[in-house]
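Numbering (the working numbering), first residue to last: 1 to 115.
Think of the hints as simulated: they come from the structure by calculation, not from any bench. Where is the CB? At the ideal position from N, CA and C, for every residue including glycine. A few of these clues could be false.
Pair ranges (Cβ atoms, derived) [what the hints assert, rightly or not]:
(1) 33 <-> 58: 18 to 28 Å
(2) 109 <-> 16: 32 to 42 Å
(3) 113 <-> 65: 16 to 26 Å
(4) 55 <-> 2: 16 to 26 Å
(5) 92 <-> 11: 28 to 38 Å
(6) 58 <-> 35: 15 to 25 Å
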Amino acid sequence: MIEQITPQNLLRWAQNHAASDEKPLIIDVREPWEWAIASIEPLASCELKQLPMGEIPSALNHLDPDRPTALLCHHGVRSQNVANFLHTNGFSTLANIVGGIDAWSATVDSSVPTY
(Lines of atoms letter the chains of each structure in order from A and count residues from 1; the text may use other names and numbers.)
(Lines give C-alpha, C1' and ligand atoms only; values in the text may rest on other atoms or scores of the structure.)
Protein backbone atom coordinates (compact mmCIF):
# COMPACT_ATOMS: atom_id res chain seq x y z
CA MET A 1 0.00 0.00 0.00
CA ILE A 2 1.18 3.49 -0.79
CA GLU A 3 0.10 6.02 1.81
CA GLN A 4 -0.83 9.52 0.70
CA ILE A 5 0.50 11.99 3.26
CA THR A 6 0.53 15.77 3.38
CA PRO A 7 3.72 17.67 4.09
CA GLN A 8 2.31 18.58 7.51
CA ASN A 9 1.94 14.87 8.33
CA LEU A 10 5.43 13.81 7.20
CA LEU A 11 6.98 14.15 10.66
CA ARG A 12 4.19 12.08 12.24
CA TRP A 13 4.56 9.45 9.50
CA ALA A 14 8.32 9.30 10.13
CA GLN A 15 7.84 8.96 13.88
CA ASN A 16 5.31 6.16 13.36
CA HIS A 17 7.84 4.28 11.21
CA ALA A 18 10.97 4.96 13.27
CA ALA A 19 10.85 1.69 15.23
CA SER A 20 13.50 0.07 13.05
CA ASP A 21 17.25 0.60 13.41
CA GLU A 22 17.31 2.94 10.42
CA LYS A 23 15.54 6.27 10.12
CA PRO A 24 12.82 6.43 7.47
CA LEU A 25 14.07 7.67 4.11
CA ILE A 26 12.75 10.63 2.13
CA ILE A 27 13.72 10.52 -1.53
CA ASP A 28 13.40 13.77 -3.46
CA VAL A 29 12.95 12.58 -7.05
CA ARG A 30 13.18 16.00 -8.69
CA GLU A 31 16.03 17.04 -10.99
CA PRO A 32 19.22 18.73 -9.70
CA TRP A 33 18.21 22.09 -11.17
CA GLU A 34 14.98 21.88 -9.15
CA TRP A 35 16.88 21.12 -5.92
CA ALA A 36 19.00 24.22 -6.61
CA ILE A 37 15.83 26.33 -6.60
CA ALA A 38 13.99 24.77 -3.66
CA SER A 39 14.77 22.03 -1.16
CA ILE A 40 13.49 20.96 2.22
CA GLU A 41 15.74 20.83 5.23
CA PRO A 42 16.46 17.30 6.47
CA LEU A 43 14.24 16.26 9.37
CA ALA A 44 15.98 14.89 12.45
CA SER A 45 13.80 11.79 12.29
CA CYS A 46 14.55 11.01 8.60
CA GLU A 47 17.34 10.65 6.11
CA LEU A 48 16.92 12.83 3.01
CA LYS A 49 18.30 11.60 -0.32
CA GLN A 50 18.16 13.43 -3.62
CA LEU A 51 17.77 10.92 -6.45
CA PRO A 52 16.20 11.99 -9.75
CA MET A 53 13.30 9.91 -10.98
CA GLY A 54 15.26 8.72 -14.01
CA GLU A 55 18.00 7.27 -11.79
CA ILE A 56 15.69 5.22 -9.55
CA PRO A 57 15.79 2.01 -11.65
CA SER A 58 19.60 1.89 -11.64
CA ALA A 59 19.72 2.71 -7.90
CA LEU A 60 17.17 0.04 -6.97
CA ASN A 61 19.83 -2.39 -5.69
CA HIS A 62 21.14 0.32 -3.34
CA LEU A 63 17.78 0.97 -1.69
CA ASP A 64 16.32 -1.15 1.12
CA PRO A 65 12.83 -2.45 0.24
CA ASP A 66 12.06 -2.92 3.95
CA ARG A 67 12.94 0.65 4.92
CA PRO A 68 10.01 3.06 5.24
CA THR A 69 10.37 5.44 2.29
CA ALA A 70 8.53 8.67 1.50
CA LEU A 71 8.78 10.27 -1.94
CA LEU A 72 8.80 13.95 -2.81
CA CYS A 73 8.66 15.85 -6.09
CA HIS A 74 7.32 19.20 -7.31
CA HIS A 75 3.56 18.53 -7.07
CA GLY A 76 3.25 14.83 -6.18
CA VAL A 77 2.87 13.22 -9.61
CA ARG A 78 6.44 12.01 -10.23
CA SER A 79 6.74 10.87 -6.62
CA GLN A 80 3.55 8.83 -7.01
CA ASN A 81 4.94 7.23 -10.16
CA VAL A 82 8.18 6.34 -8.34
CA ALA A 83 6.18 4.98 -5.39
CA ASN A 84 4.22 2.77 -7.79
CA PHE A 85 7.49 1.55 -9.35
CA LEU A 86 9.04 0.80 -5.95
CA HIS A 87 5.88 -0.98 -4.80
CA THR A 88 5.99 -3.16 -7.91
CA ASN A 89 9.60 -3.97 -7.03
CA GLY A 90 8.84 -5.22 -3.53
CA PHE A 91 9.01 -2.09 -1.37
CA SER A 92 6.50 -2.47 1.41
CA THR A 93 6.22 0.79 3.38
CA LEU A 94 5.83 3.71 1.00
CA ALA A 95 4.35 7.18 1.20
CA ASN A 96 3.75 9.81 -1.45
CA ILE A 97 3.99 13.39 -0.19
CA VAL A 98 0.87 14.91 -1.75
CA GLY A 99 1.39 18.31 -3.32
CA GLY A 100 5.18 17.95 -3.23
CA ILE A 101 7.61 20.76 -2.51
CA ASP A 102 4.99 23.24 -3.69
CA ALA A 103 2.63 22.19 -0.87
CA TRP A 104 5.60 22.10 1.53
CA SER A 105 6.25 25.78 0.79
CA ALA A 106 2.56 26.66 1.22
CA THR A 107 1.94 24.74 4.44
CA VAL A 108 5.18 23.92 6.28
CA ASP A 109 7.96 26.36 5.38
CA SER A 110 7.15 29.50 3.39
CA SER A 111 10.88 30.27 3.05
CA VAL A 112 11.11 27.42 0.51
CA PRO A 113 10.74 29.10 -2.90
CA THR A 114 8.04 28.06 -5.34
CA TYR A 115 8.70 27.63 -9.03
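Exercise. Among the hints numbered above, which are violated by the structure, and what are their numbers in rising order?
Worked result: 2, 3, 5
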